Structure formats: structure tokens, C-alpha cells
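Need the complex rebuilt from these two chains, each delivered in its own frame; the hints are there to steer you.
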Amino acid sequence: MNRSLKELTSILRSQTYTKDVLMRIRQDLDKMGITSENPVTIMHVCGTHEDTLMKYGIRDLLKRELGERLRMVAGPGCPVCVSPVQDIDFAIALSNVPNVMITSYGDMVRVPGSTRSLEHQRKNGRDIRIVYSVTDAVKLSLRYKEKNIVFLSPGFETTVPGTAVEVMNKPPSNFFVLSSHRLVPPALNILAELSDLALDGFILPGHVSVIIGERAYESLVDRYQKASAISGFEPLDILQGISAVIKQLKDGIPKVINTYGRAVTHEGNIVAQKYINKVFQTVDAIWRGLGTFSDSGLDFRPEFAHLDARSVFGDQVQVEPTREMPPGCLCHKVVIGVITPHECPLYLTHCTPEMPIGPCMVGLEGTCRINAIYGE
Amino acid sequence: MGNEARYVELAHGAGGLKMDQLLEFIGHRITLKVTSKGPGNIGVEALDDGAVVSRREFQDGDIVISTDAHTVSPVFFPGGDIGKLSMCGTLNDVLMMGAIPIAMTSALVLEEGFEFSALDIVLRSMDEISKANSVPIIAGDTKVVPRGIIDQIMFVTTGLGKRCTKHPVLDANTRPGDAIILTGPIGSHGVALMSFREGIEFEADLESDVSSLVPLLAPLFTKYTIHTMKDPTRGGLASALNEIAHKSQVAINILQPRIPIDPAVRSAAELLGLDPLEITSEGRAIIVVPPSDAAGMLASLRKHELGRYASIIGTAEEGPPGKVFLETEIGGRRRLQKPVGELIPRVC
Chain X
1 MNRSLKELTS
11 ILRSQTYTKD
21 VLMRIRQDLD
31 KMGITSENPV
41 TIMHVCGTHE
51 DTLMKYGIRD
61 LLKRELGERL
71 RMVAGPGCPV
81 CVSPVQDIDF
91 AIALSNVPNV
101 MITSYGDMVR
111 VPGSTRSLEH
121 QRKNGRDIRI
131 VYSVTDAVKL
141 SLRYKEKNIV
151 FLSPGFETTV
161 PGTAVEVMNK
171 PPSNFFVLSS
181 HRLVPPALNI
191 LAELSDLALD
201 GFILPGHVSV
211 IIGERAYESL
221 VDRYQKASAI
231 SGFEPLDILQ
241 GISAVIKQLK
251 DGIPKVINTY
261 GRAVTHEGNI
271 VAQKYINKVF
281 QTVDAIWRGL
291 GTFSDSGLDF
301 RPEFAHLDAR
311 SVFGDQVQVE
321 PTREMPPGCL
331 CHKVVIGVIT
341 PHECPLYLTH
351 CTPEMPIGPC
361 MVGLEGTCRI
371 NAIYGE
Chain H
377 MGNEARYVEL
387 AHGAGGLKMD
397 QLLEFIGHRI
407 TLKVTSKGPG
417 NIGVEALDDG
427 AVVSRREFQD
437 GDIVISTDAH
447 TVSPVFFPGG
457 DIGKLSMCGT
467 LNDVLMMGAI
477 PIAMTSALVL
487 EEGFEFSALD
497 IVLRSMDEIS
507 KANSVPIIAG
517 DTKVVPRGII
527 DQIMFVTTGL
537 GKRCTKHPVL
547 DANTRPGDAI
557 ILTGPIGSHG
567 VALMSFREGI
577 EFEADLESDV
587 SSLVPLLAPL
597 FTKYTIHTMK
607 DPTRGGLASA
617 LNEIAHKSQV
627 AINILQPRIP
637 IDPAVRSAAE
647 LLGLDPLEIT
657 SEGRAIIVVP
667 PSDAAGMLAS
677 LRKHELGRYA
687 SIIGTAEEGP
697 PGKVFLETEI
707 GGRRRLQKPV
717 GELIPRVC
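Listed in order, the protein sequences are those of chains X and H.
In terms of the numbering used here, the numbers along the first sequence are unbroken and rise by one, the last being 376.
In terms of the numbering used here, the numbers along the second sequence are unbroken and rise by one, the last being 724.
Bound-form chain H, shown alone (with noise of 0.2 Å):
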């Protein structure tokens, strides 16, 4: 932008001549732009009213698509920023369906006076995103709203992908008998957001875990069985294991010692007064997966980077069916279940 604006203003979405240069600062930054160069394939950089993905890039498997809408405060955390999470975040939730993905759009909402400069780094931070996994931003759009209207930022990202299992992945499809596995230690999005914006600092570094799981999921779909996937994203583990037991109709057994859990992220949750177990992760996966096949699936997991403390956290049960039963570190038993309503400050 050289000695231009050094924020954005109404103007820049108004489609004179800013809007140009703002769509040129964005396309700037975004490496991958179409699906391959294959024939058929149209991307964002024809400037089109939309993309075009040819059927041949399916070959014969069914098609996945998952939308999100991204806003998170503040827009620069500790391990990752709002465009790292909004790529992260739609390419794991393709991921879950059992499908490897291919394309993205994304939809940008900028509230006038973002700073370009944090664009900038939002933006190569999408770029870096889609390098590493090989997923193009096929399409996308940017609209500049008055202050005040949303906070600072907001994407909108869409992914496109194949499924590549041999049956399909659904929370409704546990099975009594079924091993649960847990990918990673959970909670670090949570605590790491909440205790930076508490202004609160601990001993360790406590980082964000967003991250794409193409790496550790993608090899890992033509080699198991897998009957359902699902990252503990808002609400947590107790939410996601709350979803699969009721949409499957069994009951689901967690050991609780068997869950890993960052030591820093288990102070910080202390300190905060909250639960690990109900606490946002943005780069781990819950995976049901029939009983021949949890041993294996957990070895190639933990020779990942990502995976090397994935666990065997329960089994499925026949019933009673839809609940979810927690075996704490002391040997007790109760129910767990999806949090209740939001986060209140409390008497004592």
C-alpha cells in the first residue's frame, strides 16, 4: 500500500477504487488461489462471481462441505491469531466428515478502522495455513462495515473436500464397544484466550493449540475403520462426548486420569475456576474407532507430532443410552454433562 491508508475505512468496501487496492492487498497475500490447473478449474483470482472446482477433482468420492463464522477476542492470541483459526477451524471440521479437503472460500467482514498492518499478518497467516495443508482459497469476499457494527473482525470460511473413508464418519454412528480416543492434551485455546484476556500470566507459556489436523488425520482414513470423529471445540470434551452419546443412542465411559491435560493448563483452568473437561481445544479430535482397530489407530497417531500423547480415553456402551459417565482420579463415578448456559461470575 506504500504511503496509502493505515487503516481501512467505508471507502475501501464502497467498489471504487479502494475497494480495488484493498482486494489487491488481500490477493497479495494469498498464494494458493485454484483447485490444480487442471482443465475446468476456475479460481478467486479470475475475479468471477464465483469459483469452479471440476468434478474430476472428486473422482468418485462424495462431496463434504462445512461453513463457520470466526470471531474471537482478541484477535491476536497467544499461538495464533483469528486467520490461522478461521483456516484451522473449517479444514478440521471437513477433517471430522472423514474427508480430506480441497478447496476453501472465505468471507472477510472488517469493521472500519482495522489497522492494515494486522491484516497483513491475519492474512499471511490464512497463506501460511493453506501452503502447509495444499488447500487452496478458491473464492472469497470483503465487506467493510461501520464501527461499531461487529468487533474488529470477521471471517466467514467455507471448505470443500472428498470423502475418503470407506464408510461414512457421523456422530451418530458409535457403537457399543467402541474405543474413544482422544487425539491431544485438551483445553489450551480456552485457558490460553481466557487467562490473556484476564491479564493473567503463569508460570509456562500457556499457547493456543489451534492447528490443522490434515497432517495427523488425512494418512489415517483408508488405513482404520472409523465410525465418528469430532473436535471438542465450544463446550469442550463434555459437550462433544455429550453429542455422540446422545445422536448414537449409547453410553459413553470416560476414565478421567486417561485424559491428557497440559499441567499449565490445568493450573491456569484452577486458578480461573473452570472445568478442562468444558474448556474449547482448536487442534485435537475425539475418535471412535470399533475395538480391532484402537490399537493400531493409536500407535500411528502418536508417531505424530500432534498425536504423541493421543489416549485411549473410554469405551462406548449399550446404555443407559445418550448419557455420558465420568470415572474420576479417585475412583468415583458420576454423570458428565454439556455445560450449563454461559460462564457466570459466582458468590464465593
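The following block holds chain X by itself, in its conformation from the complex (with noise of 0.2 Å):
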């Protein structure tokens, strides 16, 4: 399997390859009988998917091979849009103490707390500065050696090992985490339980795959009987993914296929999950809008709380009260596939992708803004 990029993405973006797959979808399609009366449903719960279903025009394709007899819908897969609005005012209110800098990733400097966001914070004169990545939040906190840095750190396990192996690192003493971390599988065990999503199966996110392996969703196939498979970011991989899923319903045998061979293994990466476990232990957790998941965030192990931005900084903020969602906006509906961003009354009117009002507008894997930058 040693291919150069170039022979790897001409595979993956084949016309050829992609119309040989749709007609295995629509052939399995035919076989059960799926008409638009009694469509199958399947869930991804990655950004980065529904970035791929639109940017290579997918969704298009699906809906002029398939008409309305398979619907792909977008979930929770976009970190941003989930973090919950109590860590964005946290961090809101911690960069109002005298001395300290907040750092964290582009979009999250522009996601809307209850009622303002780190960017208008940014705006009347705090410190907040951007980052690509926890390591810069470190060199941060070893150039301004009279600040406090502090990292609020979003995302699902693909971006945990990074801050783990940060913390283990013994960073500077004027470093410090916010831990917005969330879990993927905890996740799907409450999606999978909404009755009214009334999903036939899921494509699991490939990036947090690599970390977790095949083997942390057997425990979902086997209670809720979902039809499973984990997928790349590349056309056909998402093809192949939706294909392999359907296969399992045509054959009525259920289980985790991975389609994303290249980069997934049945155990995941043990190294990185062996830092995630040493410095991080499950709570339960907020998600946004969604309300709280047992056992679905990570926060420090009592050990580590000197670098808990909570536990150190926690007597010396005041948070303000808690707003959800600004007002009239659905992104709590938009984010588990409820409603679709169109029908979202703010969609494209209030809300834009210049002028977002709501999370799912603001981050880079949120339904909307993807939907508004390549959707018709």
C-alpha cells in the first residue's frame, strides 16, 4: 500500500470507481425494496464528512441516482458547535482577570457564548490570541513567561493525545488547560436511542477512529443493533462507507465494517490512548444544546488539577448567566439532524457564514456554514 498522494487521491476521486459504487447502492437499494415511502436513514457524526458530501458535490449525486430513498444526515460531529456555552463564557470571563491570555483555535474564538464571544472580548482589549495548535499555546506561555496561558482545548479524541502528551510534557508553570474534550461513542449510544431520529446506521468519523480503533464501537453494534462503518474523508471512502452500511441492512447483519483500512486498526493507537489516559478521566458532560451525556467529556485526574484552568482560576471569575442558543436560533435541532439548515428560519437570512449568529454557522465543521458555502 505504498502509493504516492497523487495515485491515492486519483483513485479516491475516480469517476469511474464512484459511479461503480452508486450502482452497487442502488442495486442493494432495489433488493429491499427502499422506496422515498420508506427511506434509509444513516447518521455521520464528523464535519469533515458533510464537508466532503458537499464540496464533492455527493449529496448532489446521491439525490440524482437514489432520488429520496437514502437520507444522509449530519450529526454532532462538529466540536465547535457542541462545546458547551458554560466553557465559552468560563473562558469569556477568565480573560477579563488581570494577566492572563487565552488561546484556542480559530473558530472557536468566534463561536457566540451566552452573550458575547472571545473574538468581542479580543475586540475591547483582552488577550486572546489564535493557535493552530496546543504546542503553540505552550510557546506562548514560554515567551510571556508574566502571563497566565491558558488553552481552551474543544474537540473529540482526535485532539485529546496532543494536549495529553502537552500535560505530560511538564509544561511551564504560567500554562494552564480549559478541557472542553468530548467522546464519540457516548455520543452514539444516546443518538442511537432517539426513537424519532429513527436512524438505520451510522458512518463513523475516521480521524477519531485512528485513535479509538474498531474496536471501541462493538459495544453500540451489539446493544443497538446499528449498522456500522467507519470511513475516510475522501469521495469514495464516504461512498464506500454508505455502501458497506446498506450491505449490512440488505443482509440484516449488523456490525462495525471499516472501510478506512489505510489509517484505522481494530485496537486504534495505543500510545495515544494511553496519555489520554493517564491525565484525563471521564465525567459527564454538556453538550450544547443537547443537555448532559454520562461519561461523555474528559476532565484532568485529580493529579494534574495544578493545570486545571477550573480548579485554579475557578474562585476568581465571575460567569455570567447561561444563554444556551442566541435567540431564534435552532442549531441545537440543526446538529442531531432534527431539522436541516434550510429549515432554520435565521438560515441565510440573519445568519451567514460573514455574519454568523449561531455555532453551527461558526465553526468550519458546522452543518450550516458548510451547507451555505457549497449547497445550491
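No wet-lab data here; the hints were simulated from the structure.
Just so we're clear, the structure is a prediction, and the values are computed from it rather than from any experiment.
All C-beta atoms in this analysis are idealised placements derived from N, C-alpha and C, irrespective of residue type, glycine included.
Wrong hints could be hidden among the right ones.
[Claimed, not checked] Here are some of the chain X residues that sit facing chain H, going by a computed Cβ distance under 8 Å:
no., residue
1, Asp60
2, Arg126
3, Tyr374
[Stated by the list, open to error] Derived lysine to any residue pairs resembling SDA-like cross-links, with alpha carbons at most 20 Å apart:
no., chain 1, residue 1, chain 2, residue 2
4, X, Lys6, H, Ile637
5, X, Lys139, H, Glu574
6, X, Lys55, H, Glu574
7, X, Lys63, H, Arg551
[Stated by the list, open to error] Now the stretches of chain H that chain X is said to cover, found in silico as 3 or more residues with beta-carbon under 8 Å:
no., segment
8, 394-404
9, 458-469
Encoded structure:
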């Protein structure tokens, strides 16, 4: 499997292969007697999957080939969108404390809190820096020794190992982390239980699975009997994922199929998992607009409390009362696929990528933003 | 300058002896300073308050004028420098109006502490482009500002040209049925700069495509009917096509596999998480022609080194007006919009 990037992408973006897989999907749907009256509903839970679906016109292709027989629903795959408003408000309040610098990713800085964003704080003279990674934040703490550097750390299992490694490497004493990490499998359990979603299967996230491996989903499939496929991010990857889910539905044998074998193993990245477990422990966690899911978030183990921005600065900050969503914003319904962006009255009327109101229009992996950019 | 200053000082902009030395330094390195020896023309060597271009230079052609401020980091990049960029950028803008450039002016702002050796290279690059395109620099100005006011060096160049096409060439003139032609592979300027800044090296050497399109396009202005021309600079192809669609009130359909992109640019963009369609080119043009002229224009472009990979990438249609659509490499269709806001680091 030693192919150059060029060879690989020419295969994974080939029109011929695309047509083959689409034909296989159509044949399976035919055999199952699927019509627009009893469509198959598959949810993906990764913002980058939605990006691929839209960027390559796959949604358009699926619609042309299959009509309304297949529904692809975008789930809570945008970490910025599900990061709890309480964490953003805490970061905003913390930025008012003298000598504190808040660092985070670009979309995290723009996402709205209860009444304002970190970007507003920056405009009002607070020290807020956009970084590419937690490592950049550690570098800032070496450069600005007189300041307290707080890294607001969002993301699923993909971004956790980076934070864990920096924590294990004994960062400078003026470096702190505000953990807003969330875990994918617990969220899938909740989604599988939501009967009004009527999900037939899941496309599982590629990068998250690189870390946690196929085995992380086995209990989910055992318990809820949902057809599942791990998928990569090229057009053919996603189509093969969809095809694998539909084949399971046709055969009536739900399991976890790994269609992203060039990156994902059964065990996952054991080293990364060890780092995560050394530094973090699972806690019940709020998902923005969705409520609290048990064991779905990560917080520091007690021995790392000296790095935890919540423990260290908790009694110095005044956090404002929580307002979950901006008025009129239906992001909490978009995030779990109950409605499409078009069904939100604010979508492209008041809420646009240039002037976003809700988190789903801010997050680079937000369903509203992706649809606004690529949708017809 | 012999044994004199290595660095530009504030005194070099203060109007005294040092100022004269700086102006001499610059003047020495610019060859063409007046439009022609013809009567009435006054150039930069006169050191007067301005230049004069005799109206005979324009015959009966409309006068086209375009101006652009240039700042780039790094000042020297693979494939060029700010001197070359500030000349080519403005020459190309004049061309995009269907005009042949006749003269340029250049205002130079230097940050205190800029090295004379670097200034030497930048000015020689300008001179080279000026000579190669037979476009003199007929007026100029130089200022030195204290450290930190600007980033090293900044040029404002203005180009003067005479329109040679039969009809005005405007972003708003594209009509349904027109063919959209791209003169060459896109994105290498932006990707070369970005990978250089990030310190990333790729298998192939990535170089900016910065170049003057005068030799490629000027001979074609009287040969074919051209409705619109636009160079895909800031915001790349995505921005340029949307501006044409919006101003002309047409839809534009683009076939992604027809868009020439250098494989090295494609790989680098992939690794940097950038979309080649949104990346700056500095030596490419979109040319919109009626269908009857499409094949002829394409063949003529391909005869020239700068247009060897020219391609008809799509067509203009009635509607929906103002929108650009992309048929992707796998055969799906989606909207192609202007890039939104700044390129910001994402979570994963």
C-alpha cells in the first residue's frame, strides 16, 4: 500500500469508481424494496464528512441517482458546535482576569457564548490569541513568562492526545488548560436511542477512529444493532462507507465495517490512548443544546489539577448566567439532524458565514456553514 | 554607494544629501524612464514634479489606468520578489482592461533599516520587467518611514495603457454562451509563499507563477473578440469567477477536471488544508470569449510558453444569475463561492 498521494487521490476521486459504488448502492436498495416512502436513514457524526459530501457534490449525486430513497443526516460532528456555552463563558470571564491570555483555535474564538464571544473580548482589549495547536500555546507560555496562558481545548478523541502529551511533558508553570473535550461513542449511544431520528445506521468518523480503533464501537453495535462503517474523507471513502452500511441492512447483519483500513486499526492508537488515560478521566458532560450525557467528556485526573484552569482560577472569575443558544437559533436541532439548516428561519436570512449567529454557522465543521458555502 | 551606508536611514528620506544619494541609487538601476524620445514626453530623469505622456502615444485608443499597492511577506520568495510582483501585478491589471501598457509610475516606501543590497535586487527585478515589456517607469516617489510603521518595503505602482480591443473589456460584459478560458495552472504563487512561510519543503520545487502577461495577450487583442478578462489574484479563481458572474448577471458552470493545476501545487495545498481554487495566482488570466472565438483563442494561447496549458474550463449561461457552479471530478455539482473571511486554523 505504498502509493503516492497523487495516485491515491486519483483513485479515491475517480468518476469510474464512484459510478461503480453508486450502482452497488442502488442495486442493494432495489433488492431491499426501498422507496422514497421507506427511505434508509444514515447519520454521520463528523463535520469533515459533511464537508466531503458537499464539496464533491456527493449529496447532489446521491439525489440524482437515488432520489429520496437514502437520507444522509449530519450528526453532532462539529466540536466547536457542541462545546458547552458554559466553557466559552468561563473562558470569556477568565479573559477579564489581569495577566491572563486565552488561546484557542480560530473558530473557537468566534463561537458565541451566552452574550458575547472571545472575539468580542479581543476587540475590547483582552489578550486572546488564535493558535494552530496546543503546542503553539505552550510556546506562548515560554515567551510570555509574566502572563498566565490558558488553552481552551475543544475537540473529540482526535485533539485529546496532543493536549495529553503537552501535559505529560511538564509544561511551564504559567500554562493551563480549560478542557472542553468530548467523546464520540457515548454520543452515539444517545443518538441510537432517539427514536424520532429513526436511524438505520452510522458512518463513523475516520480521524477519531484512528485513535480509538474499531473495537470502541463494538458494544454500541451489540446493544443497538445499528449497521456501522468507519469511513475516510475522500469521496470514494464516504461512498464505500454508505455502501457497507446498506449492505449490512440488506443482509440483516449489523456490525462495524472498517472501510478506512489505510489509517484505522482494530485496536486504534494504543500510545495515544495511554496518554489520554494517564491525564484525563471521563466525566458526565454537557453537549451544547443537547443536555448532559454520562461519561461523554474528559476532565483532568486529580494529580493534574494544578494545570486545570477551572480548579486554579475558578474562584477568581464571575461567569455570566447561561443562555444556551442565541435567540431564534435552532443549532441544537441542526446538530443532531432533527432539522436541516434550511428549516431554520435564521439560515441565510440573518445568519450567514460572514455574519454568523449560531455555533453551526461559525464552526468550520458546522452543518450550516458547510451548506451555506457549497449548497445551491 | 561604495563604502557608504548598508542600511536605509531616516535621513535618506529627509531631503538632504543622503536623499540625493538614495535617489541616485534608484535612478541608476532603472533603464527606461520616458515613454519615447518623441516631442512633449517628459520622464522621471527630468526630476520634475511629474511626467508628461504626449497624446500622440495613445493615437485614438481609450486611456486605461490602474493602480495597486504591493506588500508581500517574504519580500524575496521562490520565483520572484516584491519588485517583480509590483511590476507584473499592475501590468496585468492594465492588460485585463484590453489595453497595452505604455508607462508605469512607482511610489516606494521603505522601512528604516532596509538593506541597500536587498533594495538593489528588488530594483533590478523591476528594471528587468520594465525592459522585457518595453514599459518605462516615468515617474516615482520615495519615502523612508521609522521602523515598525510598515513591514520592510512597500510599492504603489500605477500603469497607463491604451485600449486596443474593438470593444471595452469589462467584468460586466460576459454573455450567456461565452466560453471561459484559463491561461494556465493556478495557485502556485499563493502555495509557494505559504509553504515558504511555513517552512515546508515539497518533493518538487514550488515557484510563484508571477509573470507579465503582456507577451502572451497583447498580440491577441486585435485578433479575437474578448468580452471579459480577469486575473485570479486575491481569492483565486473562486473570487474572480464570482465577480464576473455577479457583474454580468450570468451563471457560470465550471468543469473541475478541466482546471489546470500543477501536481506539486495540488499536493502542497492538500497538506496545508487549502483549496487551490481559492489561492492567488500572479501570472494567469481568465479570458471570456464568444463561442465562435473559443477554439481560435485557445490555439493561439497554447502556442505561447505562458499559455501552453491553457484550457476552456467552462461556459456562461443565462441563470441563475450571479452564481458559479462546479461540476466536480466525481461528477457531482455544487456551488463555488468566494472564500469566506480569513483562513483560520481549524480544530481538526
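Here's how the hints hold up against the structure:
Look at aspartate 60 of chain X: its Cβ gets to within about 5 Å of chain H, closer than 8 Å, so that hint holds up. Below 8 Å, beta-carbon pairs count as interface contacts, and arginine 126 of chain X has none with chain H, the closest being about 18 Å; its hint is therefore violated. Contact between tyrosine 374 of chain X and chain H, as hinted, is supported at the beta carbon level, the nearest pair being about 5 Å apart and thus within 8 Å. A C-alpha spacing of about 12 Å is found between lysine 6 of chain X and isoleucine 637 of chain H, which places the hinted pair at or below 20 Å, so the restraint holds.
Distance restraint check for lysine 139 of chain X and glutamate 574 of chain H: the Cα-Cα separation of roughly 16 Å lies within the 20 Å cut-off, and the hinted pair is therefore satisfied. Annotation: proposed proximity of lysine 55 of chain X to glutamate 574 of chain H is violated, straight-line Cα distance about 26 Å (limit 20 Å). With a CA separation close to 30 Å, the supplied pair lysine 63 of chain X and arginine 551 of chain H exceeds the 20 Å bound. Look at the segment 394-404 of chain H against chain X: 0 of its residues bring a Cβ nearer than 8 Å to a Cβ of that chain, fewer than three, so the hint is violated.
Evaluation of the coverage hint for the segment 458-469 of chain H: breached, as 0 residues show C-beta separations to chain X shorter than 8 Å, against a requirement of three.
Of the hints listed earlier, those the structure fails to meet are numbers 2, 6, 7, 8 and 9, in rising order.
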